[in-house]
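Chains as they are written, first to last, in the working numbering: chain A, 874 to 1198; chain B, 874 to 1198.
Simulated from the structure, these hints should not be mistaken for lab results.
Possibly wrong hints are sitting among the right ones.
Note that the list lumps identical chains together, so a pair holds whenever it fits in one copy or between two copies.
Below 30 Å or equal to it, Euclidean Cα-Cα: the simulated DSBU-like pairs (lysine-lysine) are [claimed, not checked]:
hint : residue 1 : residue 2
1    : Lys1065   : Lys1010
2    : Lys904    : Lys921
3    : Lys1133   : Lys1010
4    : Lys1133   : Lys904
5    : Lys1191   : Lys904
6    : Lys1161   : Lys904
7    : Lys1010   : Lys913
8    : Lys1133   : Lys1074
What follows is each chain in one-letter form.
Number of protein chains: 2
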Amino acid sequence: MTIDFKQDILAPVASDFAAMDTFINEGITSKVALVMAVSKHVVEAGGKRMRPIMCLLAAKACGEENLEKHTKLAAIIEMLHTATLVHDDVVDESGLRRGRPTANATWNNQTAVLVGDFLISRSFDLLVDLDNMSLLKDFSTGTCEIAEGEVLQLQSQHQPDTTEETYLSIIHGKTSRLFELATEGSAILSGKDQFREPLRKYAGHFGNAFQIIDDILDYTSDAETLGKNIGDDLMEGKPTLPLISALANTSGEEREIVRKSIATGGTENLERVISIVQSSGALDYCRKRATEETEAALQALAVLPNTPYRQALENLAKLALNRIQ
Amino acid sequence: MTIDFKQDILAPVASDFAAMDTFINEGITSKVALVMAVSKHVVEAGGKRMRPIMCLLAAKACGEENLEKHTKLAAIIEMLHTATLVHDDVVDESGLRRGRPTANATWNNQTAVLVGDFLISRSFDLLVDLDNMSLLKDFSTGTCEIAEGEVLQLQSQHQPDTTEETYLSIIHGKTSRLFELATEGSAILSGKDQFREPLRKYAGHFGNAFQIIDDILDYTSDAETLGKNIGDDLMEGKPTLPLISALANTSGEEREIVRKSIATGGTENLERVISIVQSSGALDYCRKRATEETEAALQALAVLPNTPYRQALENLAKLALNRIQ
Chain A
874 MTIDFKQDIL
884 APVASDFAAM
894 DTFINEGITS
904 KVALVMAVSK
914 HVVEAGGKRM
924 RPIMCLLAAK
934 ACGEENLEKH
944 TKLAAIIEML
954 HTATLVHDDV
964 VDESGLRRGR
974 PTANATWNNQ
984 TAVLVGDFLI
994 SRSFDLLVDL
1004 DNMSLLKDFS
1014 TGTCEIAEGE
1024 VLQLQSQHQP
1034 DTTEETYLSI
1044 IHGKTSRLFE
1054 LATEGSAILS
1064 GKDQFREPLR
1074 KYAGHFGNAF
1084 QIIDDILDYT
1094 SDAETLGKNI
1104 GDDLMEGKPT
1114 LPLISALANT
1124 SGEEREIVRK
1134 SIATGGTENL
1144 ERVISIVQSS
1154 GALDYCRKRA
1164 TEETEAALQA
1174 LAVLPNTPYR
1184 QALENLAKLA
1194 LNRIQ
Chain B
874 MTIDFKQDIL
884 APVASDFAAM
894 DTFINEGITS
904 KVALVMAVSK
914 HVVEAGGKRM
924 RPIMCLLAAK
934 ACGEENLEKH
944 TKLAAIIEML
954 HTATLVHDDV
964 VDESGLRRGR
974 PTANATWNNQ
984 TAVLVGDFLI
994 SRSFDLLVDL
1004 DNMSLLKDFS
1014 TGTCEIAEGE
1024 VLQLQSQHQP
1034 DTTEETYLSI
1044 IHGKTSRLFE
1054 LATEGSAILS
1064 GKDQFREPLR
1074 KYAGHFGNAF
1084 QIIDDILDYT
1094 SDAETLGKNI
1104 GDDLMEGKPT
1114 LPLISALANT
1124 SGEEREIVRK
1134 SIATGGTENL
1144 ERVISIVQSS
1154 GALDYCRKRA
1164 TEETEAALQA
1174 LAVLPNTPYR
1184 QALENLAKLA
1194 LNRIQ
């Protein structure tokens, strides 16, 4: 079956999605013109808004009918996501994101750092308005873990001895944790405690699969399909799963080339490293791991009632996996 | 009367201050070594810890006897303050703060941005543990305003037409707002709603005076007494009150020199600008404004019971003013 994003994922929550989109724009209010300009720029540059869609679907999958509060939660999730992207682009010195100039490139690093801070604060401010202490605790702990994941990634840069376990900690923090907040947050807000764990597990495994797939595409894709260049991770000396797995499966000269490429960064040996990643079976291993994570995500959903909303969440996980098949 | 910081300000809350200091160190916990290293570095590089002291004094001045929660609040305030300093140093590309290498200089901008994010998140996480929705709302709104003040400052850089009103908005956000959170937060946490406004007003006016004094010293002091160099603000083209006031009191060539110095930044005309700031009466005006703000701060305290704690808050405002007398 071919999965269509609009029809098979977005459609069941399309009207709530529109309300969410309106709320994002209303939620960004400031008397400071530069805050408004930068915030609008980065929020409008958004992608498919996967996280808020997941949040809305999770609410409906829990049996929630009134999504008024959940559309706000979904908007907050997207705002938090945008804030992390703004800071990521400063950290990575990126000039483009999804084909548009980044905030740091359009304005400067200073503006990007401070408007990112505003967006983090504003997300919390809107979250406080939802008046739910369990939700606040989940988010305040979660955002700490997201920042820690990002720092762990920085700490692991240029470290060829990074283990798969550390890699999993990094991607859990930098990617999966926000997906978890999006789905578990909906269950908390609906008072459906029995669905907190299944929805968190779904999102956590989905996020892991999503990031592993992203890291595979850095060695197999091109700018046109992904919005980033092949070899970006290698350039920065990031020990992602394709390289960790290649190191586990090679020896001698090949292993040394991969180790050295992580340690020094740069794309001097890019073609050679790609060839090693492919011939060593590393990509096969990564695909296997992404498939396992996707299956674990689907399995976690099994305890939820079988509704079009649960099916849409399943479709989202399957569609993500299709990117590498 | 000569005011001694330790004896006349710190002494009434010395034991609570020690508990606060312990809690800061305990509050910074992370499994990620780099998060710990950077956080410890920046928190230990702290100054006089004026904000947490003000928070503890405000609690006692409200009549609070059990400061267990307030020592945590005071620690959170200092952590938030540290987070803003870490990002400020990235924004200002500072290499030294209080004579010690900054986080961005010791590690790099990336690390400083992300550990700053961690400290913001961790502050909220600890704040949520205090389990007080009014306090959370005050802080979530307040941190938005702090970020907005910082962006407004950036937006006003190199703008010779910046008004005194805009200057006051900037310093309220970047400086006074956190002082307000420190004192009003104590009243909220103690459920002493009648003292919220007086304590907020005290801290707001104190913060304004404090920042105006800081901005005066940028044209009259040297690195030894202040930890920053004379002319730093001019270098960055910041339209602070000494320059805004000089522009209001000069015409012709002098006025043009000041306007141009704001527009371009740099210290090419530093000596000439200092001379204009002094001869135009701008410094006198700034001293008058700082004195007025200090008096307004003291007056706001008058409705609180006359205790050694209120007196210590008064001493703090007077001591700050002494820096320019």
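Do the hints match the structure? See the list:
1. Taking the closest pair of Cα atoms, Lys1065 and Lys1010 come within 30 Å of each other both inside a single copy (16 Å) and across two copies (25 Å).
2. In the homo-oligomer, the alpha carbons of Lys904 and Lys921 lie at most 30 Å apart inside one protomer (29 Å), although the nearest pairing across protomers, at 33 Å, exceeds that limit.
3. Neither within a single protomer nor between protomers do Lys1133 and Lys1010 lie at most 30 Å apart by alpha-carbon distance, with minima of 42 Å and 50 Å respectively.
4. Taking identical chains as interchangeable, the C-alpha atoms of Lys1133 and Lys904 lie at most 30 Å apart only when they sit on different chains, with a minimum of 27 Å there against 50 Å within one chain.
5. Proximity of Lys1191 to Lys904 under the C-alpha cut-off of 30 Å is found in neither arrangement, the shortest distances being 43 Å within a copy and 33 Å between copies.
6. Within a single copy, Lys1161 and Lys904 get their C-alpha atoms only as close as 50 Å, which misses the 30 Å cut-off; across copies the closest is 29 Å, which meets it.
7. In this homomeric assembly, Lys1010 and Lys913 come within 30 Å of each other (Cα to Cα) both inside a single copy, at 28 Å, and across copies, at 24 Å.
8. Taking the closest pair of Cα atoms, Lys1133 and Lys1074 never come within 30 Å of each other, the shortest separation being 36 Å inside a single copy and 59 Å across copies.
Violated hints, listed in ascending order, are 3, 5, 8; each of the other numbered hints is respected by the structure.
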